[in-house]
Amino acid sequence: MKVKQYAAMLLTAAALCSAWAVPCGAETTTSATTTTTAETTVTTTRPVIEALQYEITDGEAVITAFSWLNETVVTIPDTIEGCPVTKIAPYAFQYCFADEVILPKTVREIGDYSFMGCEYLLNLTIPEDCVYIGYSAFQDCTQLKTVVIPETVSEIGFCAFEDTAFIRSITDDCIILGDGVLYAYQGGADVKDVVIPDTVKTIGYYAFADQQSIESITIPDSVTQIMEGAFDNCVSLGTIHAPATFARLEPDALYNTKWFREYKGDFVTLGNILVAYKGEGPEVTVPDSVAIIGRSAFEGNPFITTVHLPASVTEIRKAAFYKCSSLQVVTTSDSVSRIDDMAFYGCKTLKFINIGSKLEHLGGRAFLSCDALESLNLPVTVQSVGEYALGYVLDVQTDALLKQEGFTVYSNAEAVKNYGKSAAVAVEPYSDEVTQTTPEVTTSTTTTLSTARNAGSPTASKGWVIPVIVGAVLIVGGLVTICIRMRKKQVKS
Numbered sequence: 000m001k002v003k004q005y006a007a008m009l010l011t012a013a014a015l016c017s018a019w020a021v022p023c024g025a026e027t028t029t030s031a032t033t034t035t036t037a038e039t040t041v042t043t044t045r046p047v048i049e050a051l052q053y054e055i056t057d058g059e060a061v062i063t064a065f066s067w068l069n070e071t072v073v074t075i076p077d078t079i080e081g082c083p084v085t086k087i088a089p090y091a092f093q094y095c096f097a098d099e100v101i102l103p104k105t106v107r108e109i110g111d112y113s114f115m116g117c118e119y120l121l122n123l124t125i126p127e128d129c130v131y132i133g134y135s136a137f138q139d140c141t142q143l144k145t146v147v148i149p150e151t152v153s154e155i156g157f158c159a160f161e162d163t164a165f166i167r168s169i170t171d172d173c174i175i176l177g178d179g180v181l182y183a184y185q186g187g188a189d190v191k192d193v194v195i196p197d198t199v200k201t202i203g204y205y206a207f208a209d210q211q212s213i214e215s216i217t218i219p220d221s222v223t224q225i226m227e228g229a230f231d232n233c234v235s236l237g238t239i240h241a242p243a244t245f246a247r248l249e250p251d252a253l254y255n256t257k258w259f260r261e262y263k264g265d266f267v268t269l270g271n272i273l274v275a276y277k278g279e280g281p282e283v284t285v286p287d288s289v290a291i292i293g294r295s296a297f298e299g300n301p302f303i304t305t306v307h308l309p310a311s312v313t314e315i316r317k318a319a320f321y322k323c324s325s326l327q328v329v330t331t332s333d334s335v336s337r338i339d340d341m342a343f344y345g346c347k348t349l350k351f352i353n354i355g356s357k358l359e360h361l362g363g364r365a366f367l368s369c370d371a372l373e374s375l376n377l378p379v380t381v382q383s384v385g386e387y388a389l390g391y392v393l394d395v396q397t398d399a400l401l402k403q404e405g406f407t408v409y410s411n412a413e414a415v416k417n418y419g420k421s422a423a424v425a426v427e428p429y430s431d432e433v434t435q436t437t438p439e440v441t442t443s444t445t446t447t448l449s450t451a452r453n454a455g456s457p458t459a460s461k462g463w464v465i466p467v468i469v470g471a472v473l474i475v476g477g478l479v480t481i482c483i484r485m486r487k488k489q490v491k492s
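Mind the numbering: the sequence shown is residues 0 to 492 in numbering that gives the first Met the number 0, read in order.
No lab work stands behind these hints, which were simulated from the structure alone.
Check the hints yourself; a few may be wrong.
[To be verified] Restricting the straight-line Cα-Cα distance to at most 25 Å, the calculated cross-link-like pairs of lysine-lysine (DSS-like) are:
hint: 1; residue 1: Lys-416; residue 2: Lys-402
hint: 2; residue 1: Lys-263; residue 2: Lys-347
hint: 3; residue 1: Lys-402; residue 2: Lys-317
hint: 4; residue 1: Lys-350; residue 2: Lys-277
hint: 5; residue 1: Lys-277; residue 2: Lys-191
hint: 6; residue 1: Lys-416; residue 2: Lys-357
hint: 7; residue 1: Lys-347; residue 2: Lys-277
hint: 8; residue 1: Lys-317; residue 2: Lys-357
hint: 9; residue 1: Lys-144; residue 2: Lys-191
hint: 10; residue 1: Lys-277; residue 2: Lys-317
hint: 11; residue 1: Lys-317; residue 2: Lys-347
hint: 12; residue 1: Lys-317; residue 2: Lys-350
hint: 13; residue 1: Lys-200; residue 2: Lys-317
hint: 14; residue 1: Lys-144; residue 2: Lys-104
hint: 15; residue 1: Lys-263; residue 2: Lys-277
hint: 16; residue 1: Lys-416; residue 2: Lys-350
hint: 17; residue 1: Lys-277; residue 2: Lys-257
hint: 18; residue 1: Lys-402; residue 2: Lys-420
hint: 19; residue 1: Lys-350; residue 2: Lys-402
hint: 20; residue 1: Lys-357; residue 2: Lys-420
[Stated by the list, open to error] Restraint ranges, calculated between C-beta atoms of paired labels, are given here:
hint: 21; residue 1: Thr-442; residue 2: Arg-247; range: 33 to 39 Å
hint: 22; residue 1: Ser-421; residue 2: Asp-220; range: 41 to 47 Å
hint: 23; residue 1: Gly-187; residue 2: Lys-144; range: 38 to 44 Å
hint: 24; residue 1: Tyr-119; residue 2: Ile-55; range: 28 to 34 Å
hint: 25; residue 1: Thr-151; residue 2: Thr-284; range: 30 to 36 Å
hint: 26; residue 1: Thr-63; residue 2: Ser-374; range: 41 to 47 Å
hint: 27; residue 1: Ile-55; residue 2: Val-147; range: 25 to 31 Å
hint: 28; residue 1: Ser-374; residue 2: Thr-442; range: 20 to 26 Å
C-beta atoms are modelled at their ideal positions from N, C-alpha and C, and glycine is treated no differently.
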């Protein structure tokens with residue numbers, strides 16, 4: 000985060016320098032100029048639109064920068080070139096001197112760091128249609144004391160209002176903003192048991208981070224999302240009373256908690272989401288209590304060769320099987336409706352997966368670099384296919400994305416046909432005559448279970464590093480010893 004902030008400061012300084020360097024012959028429009036022997040006053044009448052930098056994509060305008068950093072009141076228009084202003088881009092107004100910014104009612108997103116360091120900003124009203132406030136969006140707006148946040152805001156980034164008078168004025172243990180977002184917990188250092196209010200729908204980014212005294216927490220049924228780092232480093236947290244279902248649970252929400260460290264069993268689950276897999280076996284059958292294979296649940300696992308998903312599983316989240324280097328066969332039921340970005344990215348030995356008949360969304364790079372996968376059947380229900388989802392491999396030497404020779408998709412879905420045309424991937428009509436046969440799984444003798452202690456984490460596949468280093472040291476040491484002995488013999492002779 001500090002690196003991003005420093006980079007933003009450099010960009011802002013560059014923008015200021017370019018603003019001050021007015022070229023010769025440039026015109027200045029003024030409405031009135033009063034000249035005395037002491038000073039000259041110039042009042043500009045340029046409309047705000049001239050100070051805004053923006054981009055228009057798909058009929059929507061995004062504010063990317065603001066060049067009048069010394070304006071005290073900034074009113075952003077509802078439309079630009081006839082297009083609604085829907086987003087304030089990251090860093091757009093960072094360090095501006097305005098004490099009032101009027102956002103248009105059309106804005107849905109306020110980007111990361113967008114108003115960071117606007118230390119003169121006093122009051123703010125978030126538009127009714129806004130759903131997202133980004134990381135550190137208003138951080139270090141030290142004088143910002145009044146903020147109106149509508150109930151439409153369902154996601155608020157980490158440190159969005161850090162070091163503002165607004166947050167400092169809230170004395171409740173649970174700071175709840177927008178649509179039930181638990182932005183931060185500020186209970187006492189001796190609190191051991193926490194019951195989250197039933198008005199909370201989302202436990203926000205790092206909301207309970209470093210609360211090391213908490214031993215148990217009760218999450219109400221109203222909570223559907225637990226964001227990144229929500230309970231990070233709550234080292235004493237061993238008991239979690241949670242609802243039966245969640246819509247979203249980030250993989251590191253429970254990082255370094257007693258609950259995660261001491262979890263019994265191979266399948267780490269919270270509610271209906273599989274958080275991680277700790278097992279060491281090659282063939283995995285996911286329990287039928289799981290509805291969602293969570294983000295990065297099997298990431299980097301070098302041992303699994305076959306995975307069986309039950310009928311209860313409806314979603315496979317981002318990077319769920321990312322770079323599972325031995326994975327060859329995945330069987331699913333007809334219930335899977337969504338496979339997110341990079342779900343099977345880099346599964347180079349994957350030969351077979353049956354998608355079922357209800358898939359609606361296939362994320363970008365979902366099957367990128369699945370070198371052994373020669374074909375895939377996709378149902379007519381598919382409505383969207385992400386960029387490079389199928390039929391491409393990554394050239395590790397050049398980082399270029401190359402077409403996978405001989406790969407074919409069988410589908411009657413229009414979205415798949417359109418993907419095939421735009422990505423130059425072969426798409427053939429699907430019929431009952433197109434069949435997939437589950438291949439025989441081959442086993443490798445090069446992987447030992449001793450490196451499986453952290454299976455399921457991105458570092459699991461790196462268990463060989465220490466043995467290799469030790470071996471190399473021993474070999475080098477032996478060679479050095481031989482050289483020394485030979486040298487001594489030469490000296491004696």
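A quick look at each hint next to the structure:
1. With a C-alpha separation of about 17 Å, the suggested pairing of Lys-416 with Lys-402 holds against the 25 Å cut-off.
2. Distance hint between Lys-263 and Lys-347 is unfulfilled; the C-alpha atoms sit about 31 Å from each other, more than 25 Å.
3. Proximity of Lys-402 to Lys-317 is assessed by CA-CA distance (about 22 Å); at most 25 Å being required, the pair is judged to hold.
4. Straight-line distance between C-alpha atoms of Lys-350 and Lys-277 comes to about 24 Å, which keeps the hinted pair within the 25 Å bound.
5. Taking the CA atoms of Lys-277 and Lys-191, the gap is about 28 Å. The hint is violated against a cut of 25 Å.
6. Between Lys-416 and Lys-357 the alpha-carbon distance is near 17 Å, which keeps this suggested pair within the 25 Å criterion.
7. Distance hint between Lys-347 and Lys-277 is fulfilled; the C-alpha atoms sit about 22 Å from each other, no more than 25 Å.
8. About 19 Å separates the Cα atoms of Lys-317 and Lys-357, which keeps this hinted pair within 25 Å; it holds.
9. For the suggested pair Lys-144 and Lys-191, the alpha carbons sit about 32 Å apart, so the restraint of at most 25 Å is broken.
10. This hinted pair checks out: Lys-277 and Lys-317 have alpha carbons roughly 18 Å apart, not beyond 25 Å.
11. About 17 Å separates the Cα atoms of Lys-317 and Lys-347, which keeps this hinted pair within 25 Å; it holds.
12. For the hint pairing Lys-317 with Lys-350, the CA-to-CA distance comes to about 20 Å; that is within 25 Å, so the pair holds.
13. In summary, the hint linking Lys-200 to Lys-317 is supported, as the alpha carbons are separated by about 22 Å, within the 25 Å threshold.
14. For a cut-off of 25 Å, the pair hint linking Lys-144 to Lys-104 stands: about 21 Å separates their Cα positions.
15. The straight-line distance between the Cα atoms of Lys-263 and Lys-277 is roughly 10 Å, inside the 25 Å bound, and the hint therefore holds.
16. For the hint linking Lys-416 to Lys-350, the alpha-carbon distance of about 22 Å falls within 25 Å, and the restraint holds.
17. Note on Lys-277 and Lys-257: the hinted pairing holds, with a Cα-Cα distance of about 15 Å set against a maximum of 25 Å.
18. Pair hint Lys-402 plus Lys-420 holds up; C-alpha atoms about 13 Å apart against a cutoff of 25 Å.
19. Using a Cα cut-off of 25 Å, the hinted pair Lys-350 and Lys-402 holds, with the two alpha carbons roughly 17 Å apart.
20. Taking the CA atoms of Lys-357 and Lys-420, the gap is about 23 Å. The hint holds against a cut of 25 Å.
21. In this structure, Thr-442 and Arg-247 meet the distance hint of 33 to 39 Å, their C-beta atoms being roughly 36 Å apart.
22. About 43 Å separates the C-beta atoms of Ser-421 and Asp-220, a value consistent with the hinted range of 41 to 47 Å.
23. A hinted range of 38 to 44 Å is violated for the C-beta pair Gly-187 and Lys-144, which are about 25 Å apart.
24. Range check, Tyr-119 to Ile-55: about 30 Å between beta-carbon atoms, so the 28 to 34 Å window is met.
25. Separation of Thr-151 from Thr-284 is about 42 Å and departs from the stated range, judged on CB atoms against 30 to 36 Å.
26. The hinted window of 41 to 47 Å between Thr-63 and Ser-374 holds, with their beta carbons roughly 43 Å apart.
27. Taken as a hint, the range 25 to 31 Å holds for the pair Ile-55 and Val-147, whose Cβ atoms sit roughly 28 Å apart.
28. Distance hint check: the CB atoms of Ser-374 and Thr-442 are about 24 Å apart, consistent with the given range 20 to 26 Å.
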